[in-house]
Structures are given as C-alpha cells and as structure tokens.
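Chains as they are written, first to last, in my numbering: chain C, 1 to 131; chain F, 132 to 588.
Any given hint could turn out to be false.
[What the hints assert, rightly or not] The calculated lysine-lysine pairs, modelled on DSSO-like cross-linking and capped at a C-alpha distance of 30 Å, are: (1) F/K214 with F/K574; (2) F/K496 with C/K20; (3) F/K347 with C/K28; (4) C/K20 with F/K568; (5) F/K281 with F/K347; (6) F/K137 with C/K20; (7) F/K414 with C/K28; (8) F/K219 with C/K25; (9) C/K20 with F/K574; (10) F/K209 with F/K568; (11) F/K214 with F/K456; (12) C/K20 with F/K414; (13) F/K212 with C/K20; (14) F/K281 with C/K20; (15) F/K574 with C/K25; (16) F/K347 with C/K25; (17) F/K414 with F/K487; (18) F/K214 with C/K20; (19) F/K414 with C/K25.
Honestly, the hints are just simulated from the structure, not real lab data.
Here is how the chains run, residue by residue.
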Amino acid sequence: MKKEYQQHESKHEDIVSGIKIEHNKVPKLLVAVFYIVAIWAIGYAIFMPGKLAVEPAAAPQDNKGELIFTGTCLNCHATGAAPDLKGVTDRMSEEDIKNVIKKGRNTMPAIGHLYTEKEIDKVYEYLEDYR
Amino acid sequence: MFTDEKWSSSKNWFIAAVFWIIIGMSMGLLTATKQIWPELLNNRWTTYGHVRSAHVMLVIYAWLSMAYVGSMFYMIPKLAKTKVYSEKLGNFALVFYNIVILEGFFALLFGQTSVIEYGEFPLWVDVQLLVAIGLVAYNLFKTVGQRTEKMLYVSLWYFLGSLLWLPLTWIVGNFPAQWIPSGVQQGLMGWFLGHNAIGLWMTTVGVGQIYYLLPKLTGRPLYSHQLSMIGFWAIATFYVWNGPHHLMNGPIPSWISKAGVIPSIVLLIPVWAVLANFWGTMKGSWSQTRTSVPLRFTMAGTIFYLFACLQGPLQALPSVSSVIKFTHWTVGHAHMGPFGAFSFTSFAAIYYILPKIVGREMFSKRAMEAHFWFSTVGFLVFAFSLWIAGVVQGFAWIEGVPFLQTVLMMEPYVQGRAIGGTMMYVAQFFLAWNMYKTIKLAKLEKKQQAQQQAATA
Numbered sequence: 001m002k003k004e005y006q007q008h009e010s011k012h013e014d015i016v017s018g019i020k021i022e023h024n025k026v027p028k029l030l031v032a033v034f035y036i037v038a039i040w041a042i043g044y045a046i047f048m049p050g051k052l053a054v055e056p057a058a059a060p061q062d063n064k065g066e067l068i069f070t071g072t073c074l075n076c077h078a079t080g081a082a083p084d085l086k087g088v089t090d091r092m093s094e095e096d097i098k099n100v101i102k103k104g105r106n107t108m109p110a111i112g113h114l115y116t117e118k119e120i121d122k123v124y125e126y127l128e129d130y131r
Numbered sequence: 132m133f134t135d136e137k138w139s140s141s142k143n144w145f146i147a148a149v150f151w152i153i154i155g156m157s158m159g160l161l162t163a164t165k166q167i168w169p170e171l172l173n174n175r176w177t178t179y180g181h182v183r184s185a186h187v188m189l190v191i192y193a194w195l196s197m198a199y200v201g202s203m204f205y206m207i208p209k210l211a212k213t214k215v216y217s218e219k220l221g222n223f224a225l226v227f228y229n230i231v232i233l234e235g236f237f238a239l240l241f242g243q244t245s246v247i248e249y250g251e252f253p254l255w256v257d258v259q260l261l262v263a264i265g266l267v268a269y270n271l272f273k274t275v276g277q278r279t280e281k282m283l284y285v286s287l288w289y290f291l292g293s294l295l296w297l298p299l300t301w302i303v304g305n306f307p308a309q310w311i312p313s314g315v316q317q318g319l320m321g322w323f324l325g326h327n328a329i330g331l332w333m334t335t336v337g338v339g340q341i342y343y344l345l346p347k348l349t350g351r352p353l354y355s356h357q358l359s360m361i362g363f364w365a366i367a368t369f370y371v372w373n374g375p376h377h378l379m380n381g382p383i384p385s386w387i388s389k390a391g392v393i394p395s396i397v398l399l400i401p402v403w404a405v406l407a408n409f410w411g412t413m414k415g416s417w418s419q420t421r422t423s424v425p426l427r428f429t430m431a432g433t434i435f436y437l438f439a440c441l442q443g444p445l446q447a448l449p450s451v452s453s454v455i456k457f458t459h460w461t462v463g464h465a466h467m468g469p470f471g472a473f474s475f476t477s478f479a480a481i482y483y484i485l486p487k488i489v490g491r492e493m494f495s496k497r498a499m500e501a502h503f504w505f506s507t508v509g510f511l512v513f514a515f516s517l518w519i520a521g522v523v524q525g526f527a528w529i530e531g532v533p534f535l536q537t538v539l540m541m542e543p544y545v546q547g548r549a550i551g552g553t554m555m556y557v558a559q560f561f562l563a564w565n566m567y568k569t570i571k572l573a574k575l576e577k578k579q580q581a582q583q584q585a586a587t588a
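Bound-form chain F, shown alone (with noise of 0.2 Å):
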C-alpha cells in the first residue's frame, strides 16, 4: 500500500508540507483580516479564538514541522551515507501525521483547546501527535544506526538532537500541563513547550538544514569546526530554560524571573557562534546570492535569524517586557523565527533537494524569484507594521491612555500587517504551483524516456 520507492517520502512530505502552509497561512490572513472586519466569517467555528490558534498549530506543526521532517528524510540518508532505513514507514508516518493534524485542526474549529500557546491541541489529538512523531524519530535514528560514514556532521547533530527534544518538549509542555490544578505552575510548564519548540525544534532543524545547504550551495568548505560545537552544545544547554521569560513580571518567583532572563541573554553566544559561522563560510559567496534563489533564501533566513535573535534576548529584560507584553510587537517577532528564518532555510531546501529526487530543474525560476520577493517585502511590511504599531501601543497603556483609543491608534497599522501578510500568502501559491508543475513534467518527462527506450530495444 506504501510505496518504498527511493526518496518518496521526502518528496511526500513536502507536498504535504506545502498544501499545509497555504491552509495555514490562509488561517492567519483570517486572523489578520478579522482585525479590520471583526464580523467577517463570524460564525461557531471560524471565531477569532479558533482560527487563530488553529493558525498558530498549523503553521507549525503542519507546514513547517513536514518540511522540516521532508528533508532530514533526504538529508540525513545523505550525511549517513545510506538510504532510509524504511521508505515505507516514512509514507505511512505522513499519512498518520496527515490524519492527526486534520484532526487537531477540526478540533480547534469546533471549539476544543488545551490553551496552552504552541501545544493548543487537545490531548486526545496530542497522544496521537507524539507517537506519529516517535514514528518518524524511530525511522531517521534506525537511519542513522546504518550509517556508513564514520563521523556525524554537525547538521546530524542537530537533526538527531532535534528529533529527541521534540518529543520531550511535546510531554513536558501538554500532559502534565493538563493534570494540574491551573495557575503559575501550569503557565510555567505550558511555556516550556512555548519556547522550546521554537528553539529546540524549529531552531535547531533550521540550523541543521543551513549547516547542510550552504557547503553544497556554494561549494565551499565548512568555515570552523570548533564554532559548530560551540554553537550545538550552547544551544543544548542554554535554551530550554527559556520559557519563564514569557512571564517577565508575572506572578512567578523572582529566581525563576532571573533563572528565565540570564539564559535568554547567554543565547547570543550560539546565535552568534552559528551565524559567524555560516557568513565565514559565504565569504566570498555572497555574489552568488544573485542567481541562485534557494542560497538568497537561506542567506536572508540568516539574516532574520540574527535580528530574532537581537530581539529575542532584550525582549526578556523585565523593563523592555513591560513595555512591549501584549502588544502588537509581540506577534512581529513571533513570526521572524518561524517564517523569516526557517520557513526561508525550508523553502531552499526544498528548492535543492526537489529536483535532485525527480530529476528534473524546477519549473520556473520566475516564478522562484516571485516566490522569494513577494516572501521578503511581504514580510518586512508585515513585520514593521507590527512592530510600530507594539511600540505605540505599549507606551499608550503606560501613558494611561483608554483602552478603546489606543485600539483605534491601531488601525493603519493593523490594515499595514493585513498588507503584507497577504502578499506572504501570494507568495506561497507560487511555490506550490512551481512544485507541482515540476512534479508533473518530470513524471511525464521520465514517461516517454521509458518509452523511447522500449521503442529503441
């Protein structure tokens, strides 16, 4: 029933991924839109509540957990020097994990929340989760288990790294979450799983997915050994206590205050190491960013990622988070990681490994550039609009001004996200046209080669 076929279920999540990020991202232009016309779509299951959260869980769990999962399913096999350990399992994982997210997603819609922020499934959806993701950890460890080349390249680290902090996070962050009485405690775990999956996951794969494109991108060598150790064991040790820092100045201990802070700030020292790493191995590279999209896409995630990550640690000090908690900005910075930088390092891998499987060059390289602009300006529309609008509205609170006027303040640059973020949303139809009109060419191209074949034999 599933097909063992080389390389099909890197190819099979990808398609999945992609069909996931225009449902997603279309949830989030919803989101964005009822902002402006708060009865839009105003019925019992599409409410602001519930297209929100089922945008926040699909765009990460859906869109860009599959990419993600796609290309360690082609990467790692590569790194190892191997093929995956069972291509069948891989297909049957996606359609398991297909199932799941339709089925937490129709449960966001009909009203059923853990409410806890990046963990909103219920736990009848979680349990499942865990164990699709357990199939796929299994499959890629079993992979590696098989390997021919003696030494681990730093990407495997992280992917391996990754693939055992995702389940651990998903645990510690959604069931005991749920077992106990609500309050403090249940904040400070919820948030466990809040910021871990960002930086044990989405950071660390994304990471993992430059460490590996960029040598084959540029065909040059890896610029420091020492750097990549420093930045995988850093980022081990430092990030998951990066959770309280999403209750500065709530009613939490003061030690778990600072306990939140000190490691938020210490992250500079793998954020940077990678970064120097990365941009020492470009040197000289970087006029290649002119033709080649999928190098311009990961360079720009590089990009993003550093200015995440000068805003994530001040965003943590109590007096810049009194400021900026619960405003717009918040949303603006929430969404540089996850679509700035790793969406961007997932479109380039998409783009390098989809035509190494079906044998064929992409479609359209038009359409890759549109793909790539629409992506950028949008977001820089998107993004500013917030973060202007989080400024205005954090030091209006402080002034005292009433609440209803600081909401209409808001307007212009609420309509200014909606802007962009519909051109981020343009931006994908073209990725997804692209893949499919290359899928559908190679398919056929491979066709009448067979048949020229037999026509010559």
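Next comes chain C alone, as it looks inside the complex (with noise of 0.2 Å):
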C-alpha cells in the first residue's frame, strides 16, 4: 500500500471511492500546538499532583454554632421557606428555642438526634448574637 502513495505522490493527490485526498503539510501552527502539548504532558507527569492540593483545616474551631446554623438552619429560614431568625432570642425562651430545634414545629422537621446537647447550645448562643 505505501508504494502506491509514493507512486502517487509526484501527482500530489490520491483518489480513494471516488474522492481525492491531497498531501498537503501539516500547518506550522499545528507542529507547534503538538509540541507544545507533549512537552506539557511529560512535565505534568513529572511535577503535577493529581489533586487539588488540599489546606489543612485552620486552627481548631470555635464556631460550631454558626456552622450548624449556615449549614442547616439557614437552608430554609434564609429563603423564605421558613420565618427570618434574627433577633429571635427576643421572641421566644431559650427553652421553647431549642425544644423547638429539638422536636420540631410545623413544618419544620426535629433536629435534635442529630446533634448534641452542647451543640444545640452553641446554635442558641450563636442566635443570641443574630440579629
């Protein structure tokens, strides 16, 4: 097969099933784009890591009240879903509070086996300061 391509080859195009393959160069930039890319590929082989290099957590956390709040509550009370907390402290006992995170009201769903008790005392102190 290759002899017939060198044969053809003064004639500078082929006829395959009726349609003709010129032998054109491959552009430069083409040449170039492909040695780029290969160079990239051996260096990052080489050098890269094949993660996301991950910090270490930052010194130990004393916000777990705001964290449970953002994760959890504000997924419903920050939308409209459910009422605005801010200033809540001001409404309601601290008691009626956290028996409400505990066993739930209305439509919010109970809480309180997913968290312990000294938690559910962080998110009433982060509420506190919530307004």
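Take each chain as given, in its own frame, and dock them per the hints.
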C-alpha cells in the first residue's frame, strides 16, 4: 500500500473511492501545538500532584454554632421558606427555642437527634448574637 | 419477511432514528420542565430519575446510534465500492435493536437501572443490545470484506474502529461494573464506558461522517492525508484514558487522576488535526453554507466540536473541576458533543443520503432551514443558560451560600434552558415531517412512473 502512495506522490493527489485526497503539509501552527502539548504532558506527569492540594484545616474551630446554623438552619430560614430568625431570642425563651430545634414545629422537622446537647447550646449562643 | 431492497437498511435505520429522537428529546424536555414544576407527571413511572436516565439512553443509543448505523449502511458500501453484505440482516438487526431499546426504555421507567452513566440499562438488556450491535458490526465488516476498492478511505478507518470499540467499551463498562462490589473500582469501570461511548463511538463515527460528507458536499479534495492519519491514530491511542477525569478530586488514587488528566489535554492533538483538515478542505467553499443546509449542519457541527473539545480538556484540570463539578455547567457541556456536534452531522448525513436512496430531493427546503435555525438558536440559548448557571452555582457553593438559596438562584437559568430545549425539540418535528413527506412522495412518484411505463408499453 505504501508504495502506491509514493507512486502517486508526484501528482500530489490520490483518489480513493472517488474522493480526492491531497497531500498538503501539516500547518506549522499545528506542529507547534503538538509539541507544546507533548512537552506539557511529560512535565505534568513528572511535576504535578494528581489532585487539588487541599490546605489543612486552620486553627481549631470554636464557631460550631455558626457552622450548624448556616449549614442547616439557613437552608430554610434564609430562603423565605421559614420565618426569619433575626432577634429570635427576644421573642422566645431559651427553653422554647431549644425545644423547637429538638422536636420541630409545624413544617420544621425535628433535628434534635442529629446534635448533642452541647452543640444545641452553641447554636443558641449564636442565635443570641444573630440580629 | 425482511426486505433485501437496495439501501433499505440505511433508510429504515434513519426512520427509526428520527422516531426515537422525538421520543428521546421529549423525555429530555420533561426532565427540564420538572426542574421548573417538580410536581409535573410525578407518578411512580415518570419520576425525575427515571425520565432523566431514559432521556440519556434514548438519545444516545436509540437516536444517535441508529442514525450512525443508518449512515454507515450507506457510506461503508459506497466507500468499499460494493453493496451491503446483507440488507436482510441489516433490517433484521434493526427490528431486534428496536425491541431491545423498547425493553430498556420500559425497564428504566419501571425503575430498573444499573446506575452507570451512559449505561443505565439493566444487565438483561445490556446483553441483548450487545448481540444487536454485534449483528450490525458483523454485517458491515463483511461488507468491507467484499470491497472492490483496495484503499480504505479515512472514514472507513473511523467506522471500522468504532464498530470494534463500541462493543468493547460496552462490555467493560457494563458487565464487570455490575459484578464487582460497589465503590471506586465500579465508578472507574462505569466511567470507562461513560467517556468512551462518547469518544470511541459518538465522536469517531461522527468524524467519519464528516470526512465522507465534506468532499461530497463541496466537491473539493480532502486537504491532507497525513492529518487524517494523525487524527485517527491519536484519538485511538489517547481516548481510552479519559474516564478517570470524571472522578477528579474524588476518592481515587492520585496517579489515576493524573493518568486521566494528561490524555484529556493530549486530545487537543487529534481534535485540532481533524478540524484543520476539515477547514482546510473547506477553504474557498464557505459561501456554499448559505445555500446548502447539509453543509451548514456539518460545519456548525465542526464548530461545536471545537468548542466541546476546548471545554473538555480544561474541565479535566483539578482546579477547574473543583468549581464546575456537579453544577449545571456539566449538563451544558455534555449536550454540546452529542447534540451540537454529532446530531448535527447526522442531520447532514440524513439530508445528504435520503434523497440518494429514495431518488428524490428533500420535500421542503424551508423545513430544512427551520430545522437548522431552531436547532442552533435553541441549543445556544439552552447551553449558555446552563454554562452561566454552572459558574454561578459553583462559586456560590465554594462561598458557602446555603444550598437551598443556590437552588433558588438557578431559577431564571433553568427556565432559559427549558425555553432553548423546547426550540431544539420543535426543530426535530421539521425533520420528521420533511422525511415523512419525502419518502411518501418518492413512493408515489415511483408508482406513477411505473404506471406511465406500463401505459406506454
């Protein structure tokens, strides 16, 4: 097969199945791109980590209350699906608030089983400053 | 029982394909609509999860694959300068394939799934589909076996390669993944199928189609033999390693991650080589896209192919992936290859081949124009909505915005996607109607001719 090509090379055109094929040179830009990609690939294989480098967590966190609040409560309470909680500690007693968290109320599900007593205390502490 | 009329396999596979694009895309539209009205058709069969996987499987393995087989049943014998090995077997395979697809469709609606992206059909359907693909591959390989043209044109390389690769990826992706215990290994096996169904079936057959269509539609010689060889062998060599980039930043070993990233970027080589070859061939012929709808579909397809393959490698990088993973962006990207690039080339193939088979021009040029513009504009609206949504969503998650709030932020974009999607869907009715009319009229004309001949004789 190869020989056949060389014979045709002088004409610089082959005909296969009625379709003409030219033998133009590969554009220089493409050759450059091929080399750059190849060099990049080898460099990446040698030098890069395979994943995103994750920074270790910063100092021990004492914002547990805030984390639970933004991660869980706000999913409903920030979207209009449930009442705004700003200044809620003025409107309800500590015991009532903790009870709602533990046992739920109306459409709010009970989430007491997900957290320890201490964590619920932290959430309450955070709520006191949330206005 | 099965006809062995010349070109009947090709025609019948096309008809079935267009039937399935309507069904498959209506599933997609339902999925998109459910993101706006979650209560819509919310019964036990058409829940979001069922409908979404049915959409994905139908558009890929019913619409696109059947359109591919249809064009191969025409292009392969043409390139081999022979006739189809067995039209009867081709028609039988079509009926069998459609029964299997129906089984898979209902299995998904009834809630059976193997939970492998792009391989959702349950095992009992997978086995049958493999047999159906095998029948098609056997028939087409036999066709090439009896060829009278000594040289293999580059499209044939792509077609024959794809007909081997599809069963291979189907086996590796579907079978072991359902036997080995769940976890990382299963994910990797699944993504072997997930990405190679795209790379070694959708892409390679689609590129083969373009290599065939371009010189035929423009009447110009193919630009470079060397580039076509670089493109073919580079994609055949590097594509298989693309699966792991879907699990980027996930619980897979670092070296597998790297082994997924590098070939993803190296893919720029075959993609650019192929596109340079296409556009080199097009030099001086671009004005023809104004009048020739098939050529316009083909070239729009190559442009979307370029964009899909600029996004793809970048998305494989860990840093980019950490933003856009699991967002709407991915959905926009995932539609660009299968719809924007290769459905477009399949539309072109249908518009080029069907008139040759039935012996009559397409019934309506206007319907073709409408098909093109609704598809293109609809897709752009659809895709840009999703890309903007994805970037907003990705950064909102990083910022730690409460999740439900990010869901609400997506509202306008999800609506934009549904509007674009509706246009894409409507476009396909122009195709179906046009095809129906063309085939019907061609039959009528043939009958009249026969009568006239009988009368004069």
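Which of the numbered hints are not met once you compare them with the structure shown?
As far as the earlier hints go, 4, 8, 9, 11 and 15 are violated by this structure, in ascending order.
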